[in-house]
Amino acid sequence: MFKRNLIISLAIFFVLLSFTSYIKTETRKIEKNILNTNKKNSILKKNLLESQVEFFYLTSPNKLSRKIVEYGDEDYVSIDYSKIFMSLKDFTQFKDKTTKFFENEKKSKKK
Amino acid sequence: MRKNQKKNKYFNLKQRSFFFQDYIETNKKKINSNNDISEDRIYILFFFFFCLVLIFSIKITLVSLQKPKIFTFQKNPNSFMSFRRDIVDRNGVLVARNIRSYHAAIKPSLIKDKKKFLLKLKIYFPNISQSFIKDKLYSKNYFYLKKRLTEKEKYKLWSMGEKGIIFEPFQSRIYPQGNLYSHVIGQIDDDNYGISGIEKNLDYELKDIKKIDQPIALTIDTNIQYLIKNELEIALKNFKADGAAAVLLDSKTGEVLSLVSLPDYNINIREKISDIRYINKITKGVFELGSVFKTFTVALALQKQIVEPDTLLKDIPKQINCSKYKISDIKVFPKNMTVEDILVRSSNIGTLKLARKIGEDNFKSFLNKLDLMNTPKIELDEVGTPLKFKWHKCKLETVSYGHGITTTPLQVASAYATLSNGGFLIQPTLINKKKELLNERVISKDTSEKINNILRKVVTDKNGTASLANIYGYDVGGKTGTSQKYGKENENINTFVSIFPKSDPKFTLLVMLDNPKPAPHIIYNYRGSLIKVDRNEAGWNTVYVSGKIIKKIGPILAINKNQSMHEYVARKTD
Chain A
1 MFKRNLIISL AIFFVLLSFT SYIKTETRKI EKNILNTNKK NSILKKNLLE SQVEFFYLTS
61 PNKLSRKIVE YGDEDYVSID YSKIFMSLKD FTQFKDKTTK FFENEKKSKK K
Chain B
1 MRKNQKKNKY FNLKQRSFFF QDYIETNKKK INSNNDISED RIYILFFFFF CLVLIFSIKI
61 TLVSLQKPKI FTFQKNPNSF MSFRRDIVDR NGVLVARNIR SYHAAIKPSL IKDKKKFLLK
121 LKIYFPNISQ SFIKDKLYSK NYFYLKKRLT EKEKYKLWSM GEKGIIFEPF QSRIYPQGNL
181 YSHVIGQIDD DNYGISGIEK NLDYELKDIK KIDQPIALTI DTNIQYLIKN ELEIALKNFK
241 ADGAAAVLLD SKTGEVLSLV SLPDYNINIR EKISDIRYIN KITKGVFELG SVFKTFTVAL
301 ALQKQIVEPD TLLKDIPKQI NCSKYKISDI KVFPKNMTVE DILVRSSNIG TLKLARKIGE
361 DNFKSFLNKL DLMNTPKIEL DEVGTPLKFK WHKCKLETVS YGHGITTTPL QVASAYATLS
421 NGGFLIQPTL INKKKELLNE RVISKDTSEK INNILRKVVT DKNGTASLAN IYGYDVGGKT
481 GTSQKYGKEN ENINTFVSIF PKSDPKFTLL VMLDNPKPAP HIIYNYRGSL IKVDRNEAGW
541 NTVYVSGKII KKIGPILAIN KNQSMHEYVA RKTD
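Protein sequence lines, in the order shown, are assigned to chains A and B. Under this note's numbering, the first sequence has 10 at position 10, and the numbering climbs by one with no breaks. Under this note's numbering, the second sequence has 225 at position 225, and the numbering climbs by one with no breaks.
With the rest of the complex left out, here is chain A (with noise of 0.2 Å):
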C-alpha cells in the first residue's frame, strides 16, 4: 500500500517537475523575447525620434522655400486677382495705366 502510493508521488513529483522546470524554460524564453522586442524597439524608437527631427528640420518652411529657389526649375508667381480681367476693356485700361505710369517715369528721370 505504501509502496504504490510513494510510487504515485513520486510519479506525480516528477510530472510536476518536469511541467515546471518546462514552463520555468518558457517564462525565461517569453522573458528574453520581451528584452530583445523591447531592446529592438527602443532602437525603432530612437531612429524613429530621429529622423522626425531631420523630417520636420528639413521640410521647414525656411529649408523648403530655399531648395526650391536653389534647384526648382519652375518660378513659381501667386496668382495675383488684381491682374484677372473680366473682359477685354478692363485690361485695355490696366495696360494703359500701366504705360503712362512707366512713360512718366522715364519723363522724370529724363529731366
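Treat the hints as calculated values from the structure; they're not laboratory data. Idealized CB from N, CA, C, for every residue including glycine. Hints are not guaranteed to be accurate.
To be verified - Pairwise CB distance ranges, derived in the manner of DEER restraints:
{"#": "1", "chain 1": "A", "residue 1": "Y71", "chain 2": "B", "residue 2": "E308", "range": "56 to 64 Å"}
{"#": "2", "chain 1": "A", "residue 1": "S51", "chain 2": "B", "residue 2": "Y204", "range": "27 to 35 Å"}
{"#": "3", "chain 1": "B", "residue 1": "N127", "chain 2": "A", "residue 2": "S51", "range": "27 to 35 Å"}
{"#": "4", "chain 1": "B", "residue 1": "F167", "chain 2": "A", "residue 2": "K40", "range": "19 to 27 Å"}
{"#": "5", "chain 1": "B", "residue 1": "R100", "chain 2": "A", "residue 2": "K29", "range": "30 to 38 Å"}
{"#": "6", "chain 1": "A", "residue 1": "F14", "chain 2": "B", "residue 2": "D36", "range": "19 to 27 Å"}
{"#": "7", "chain 1": "B", "residue 1": "I556", "chain 2": "A", "residue 2": "S51", "range": "21 to 29 Å"}
{"#": "8", "chain 1": "B", "residue 1": "Y265", "chain 2": "A", "residue 2": "K29", "range": "54 to 62 Å"}
{"#": "9", "chain 1": "A", "residue 1": "D73", "chain 2": "B", "residue 2": "F167", "range": "39 to 47 Å"}
{"#": "10", "chain 1": "B", "residue 1": "K445", "chain 2": "A", "residue 2": "K97", "range": "35 to 43 Å"}
Claimed, not checked - The list that follows gives simulated cross-link-like pairs (lysine to aspartate or glutamate, DMTMM-like), each with its CA atoms no further than 20 Å apart:
{"#": "11", "chain 1": "B", "residue 1": "K116", "chain 2": "B", "residue 2": "E153"}
{"#": "12", "chain 1": "B", "residue 1": "K240", "chain 2": "B", "residue 2": "D275"}
{"#": "13", "chain 1": "B", "residue 1": "K59", "chain 2": "A", "residue 2": "E26"}
{"#": "14", "chain 1": "B", "residue 1": "K532", "chain 2": "A", "residue 2": "E103"}
{"#": "15", "chain 1": "A", "residue 1": "K46", "chain 2": "B", "residue 2": "D213"}
{"#": "16", "chain 1": "B", "residue 1": "K445", "chain 2": "B", "residue 2": "D310"}
{"#": "17", "chain 1": "A", "residue 1": "K106", "chain 2": "B", "residue 2": "D534"}
{"#": "18", "chain 1": "A", "residue 1": "K67", "chain 2": "B", "residue 2": "E360"}
{"#": "19", "chain 1": "A", "residue 1": "K63", "chain 2": "B", "residue 2": "E233"}
{"#": "20", "chain 1": "A", "residue 1": "K3", "chain 2": "B", "residue 2": "D36"}
{"#": "21", "chain 1": "B", "residue 1": "K154", "chain 2": "A", "residue 2": "E26"}
{"#": "22", "chain 1": "A", "residue 1": "K40", "chain 2": "B", "residue 2": "D213"}
{"#": "23", "chain 1": "B", "residue 1": "K152", "chain 2": "A", "residue 2": "E50"}
{"#": "24", "chain 1": "B", "residue 1": "K532", "chain 2": "A", "residue 2": "D96"}
{"#": "25", "chain 1": "A", "residue 1": "K45", "chain 2": "B", "residue 2": "E151"}
{"#": "26", "chain 1": "A", "residue 1": "K109", "chain 2": "B", "residue 2": "D534"}
Add chain B to chain A, keeping to what the hints say.
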C-alpha cells in the same frame, strides 16, 4: 478462507487475547493514519508545485504588464526617456523636442601616449587651444574637452579610438524651426528648466512624467507663421524699420494663429541678448498705438445709442484747445461729417467730440471691459503692463483718439476681435485645448455689424486710409494708426489692425512697424493706379504689408470667398 486469513498480516489465529478485537481496531487506525500521511504528502507536493507554477505565472504576468518604457529604460542602454514633452504646432509639426546629446570629457590617466593624442586632436579640432589641453592633460584631473558635441564632432572623437575620451550623455532641447518660434517658445537652461516663453510658463506641464509621450499642441500654424515672418522681413528691408511685429488671432476663439516679432534670434543657440529691440513686441512691448483707438470710441458711442453711423456731426472745428494742449487733425476735413466718415477719414477732433458725448466714466469702464488697461493674460511670462495714468483734464479727449494711452499690440488685436465677432470677449491663447468660450458680451451684435461695415469702408472708401489692404476676395476691413514714439519726434509706430472677411469676421490681423521710413522705390497699386509715394503713414507701409500677408495666408485660412467673388464680379460687369 484460511489461506486468505493467513495472508492477512493483521489477522493472527494463534492469538488468544481478551483485547483481540481492540488490537485489530488499533491496527486499522494505524493503516488509516498511514494512508492519510501519504495523501498529505501528495497534497503538500501539489501545493509546492502549485506555488512554483504560480510564482512563474505571476512573473510572466508582471513582465508582460510592466510598462515597457520603465523596463527598457532600466535595462536597455539604447532606450531614451525624455525629461520634457514635445511641443508641436496646431497641425502636429514638431517645434521642440529633447534629444540625447554628449559632452566630451577626458580622463588623462587612461591616455597612454599623450603626445600622440595631442597631435590627433590638433588635426581633428584645430580650433581647440592646444596649450589648454596640454595643461589639463598633464594635471591628470578629469576635464571637459568640448560640451554639446555635434554628431560630426562625436564621430571624429570616437574614430580617434582613445580610451580616455568619455562621452557623457545628457539631454538637450532642439528646435527644428529655428528662429520661427523664438518669441513664443523661449528657451531652457542646462538643467532642463524653462527660462523664457512657453518653456517657462508651462514648465510644470512640460515636465509632467505621466504625459511625457503626449506633446503640447500650440495654436500657431507653422506655414502661416513663416509667411507672415517672411513678409515682415521684406518690410523691414523695404521700409528700413527698426522692428516689426504681427499677430493673427482667430476672432471667435482667441487662438493665436501666428505671433511674430522682429528682430528675432535662433533659439537653438544660447546667447545673452540685451538689446531691447529683441523683446516680444506683441506681448511685452507697450506702445501708444494712436488712431486704432478711435474704433473703440465710435463703437461705444454706437453701443450707447448716442449716435448712429450716419449721424451728422456739424461744425467740427479745425482745432480745439484742451487744457494747455492744442488738438488738430493732420489733414483738412469737411466741417460736417457723419460718424462713419469720422472713422473712415480718421478725424481726431470728430472722435474727441464723440468721446465728450460718451463721458469719462463710460469710456473708462469700456476700456476696462475690453481689457486694454490691465496686463494681458496669455501663456507667456513676457507680458507688458500698460502704463498707468491719471484721468486729469483733457485725458478723455486724447485717449479717445489713442494718444496718452499705452497698451500691448496683443490687447488691441483682442479688442478688435471682440468688437468684430459680435461683441463676445475673447481670451487670447497659445495652447490648443478644449476651452470654454467666454460668453460675456461687450457690445451688441447690431453694434458689431455697424463697426464691421465702417471698418470695411476704411479700406474701400475713396477717403479711407487703408486702400492698399483691399485684397480681392477677402473682404478686408480695418483701421490704421500712426503715432509718434515717446520722446522721439521723428520716429513713428505704424499699426494696422484688420478683420476679415467682413461679412462674418473670422480673423484679426495686427501688423506693426517700429520706426519705418518712406519707401519711394515701391510701386503701389493704389485703387487701380500705379504710383510712387514718399510718405510715412501707416496707410503706406503697414497697410501695404498687411495686404501682402492676407493675400498669402488667405488661401491657407480657406475662407469661403464665393459670396464676395460674386459680388465683385457683379460690380465689375456693371
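Status of the hints after comparison with the structure:
1. A:Y71 with B:E308: 56 to 64 Å: The hint (56 to 64 Å, Cβ to Cβ) holds, given that Y71 of chain A and E308 of chain B are roughly 59 Å apart.
2. A:S51 with B:Y204: 27 to 35 Å: With Cβ atoms ~30 Å apart, the hint holds.
3. B:N127 with A:S51: 27 to 35 Å: 30 Å, holds
4. B:F167 with A:K40: 19 to 27 Å: 23 Å, holds
5. B:R100 with A:K29: 30 to 38 Å: 31 Å, holds
6. A:F14 with B:D36: 19 to 27 Å: The hinted range 19 to 27 Å holds for F14 of chain A and D36 of chain B, with Cβ atoms some 23 Å apart.
7. B:I556 with A:S51: 21 to 29 Å: 26 Å, holds
8. B:Y265 with A:K29: 54 to 62 Å: Holds - the Cβ-Cβ distance for Y265 of chain B and K29 of chain A, about 55 Å, lies within 54 to 62 Å.
9. A:D73 with B:F167: 39 to 47 Å: Holds: the Cβ-Cβ distance is about 44 Å, inside 39 to 47 Å.
10. B:K445 with A:K97: 35 to 43 Å: For K97 of chain A against K445 of chain B, whose Cβ atoms are near 41 Å apart, the range 35 to 43 Å holds.
11. B:K116 with B:E153: Given that 20 Å is the threshold and the Cα spacing comes to 19 Å, the pair holds.
12. B:K240 with B:D275: Measuring from Cα to Cα gives roughly 18 Å; hence the hint holds.
13. B:K59 with A:E26: 12 Å, holds
14. B:K532 with A:E103: 14 Å, holds
15. A:K46 with B:D213: 13 Å, holds
16. B:K445 with B:D310: Given that 20 Å is the threshold and the Cα spacing comes to 18 Å, the pair holds.
17. A:K106 with B:D534: 18 Å, holds
18. A:K67 with B:E360: 57 Å, violated
19. A:K63 with B:E233: OK: K63 of chain A and E233 of chain B at ~16 Å, within 20 Å.
20. A:K3 with B:D36: 14 Å, holds
21. B:K154 with A:E26: Given pair K154 of chain B, E26 of chain A is violated - Cα atoms ~42 Å apart, limit 20 Å.
22. A:K40 with B:D213: This hinted pair holds, its Cα atoms lying about 19 Å apart.
23. B:K152 with A:E50: The given pair, whose Cα atoms are some 15 Å apart, holds under the 20 Å limit.
24. B:K532 with A:D96: Since the Cα atoms of K532 of chain B and D96 of chain A sit roughly 17 Å apart, the hinted pair holds (cutoff 20 Å).
25. A:K45 with B:E151: 19 Å, holds
26. A:K109 with B:D534: Within the cut-off at roughly 16 Å; holds.
The structure fails hints 18, 21 (numbered hints given earlier, in ascending order).
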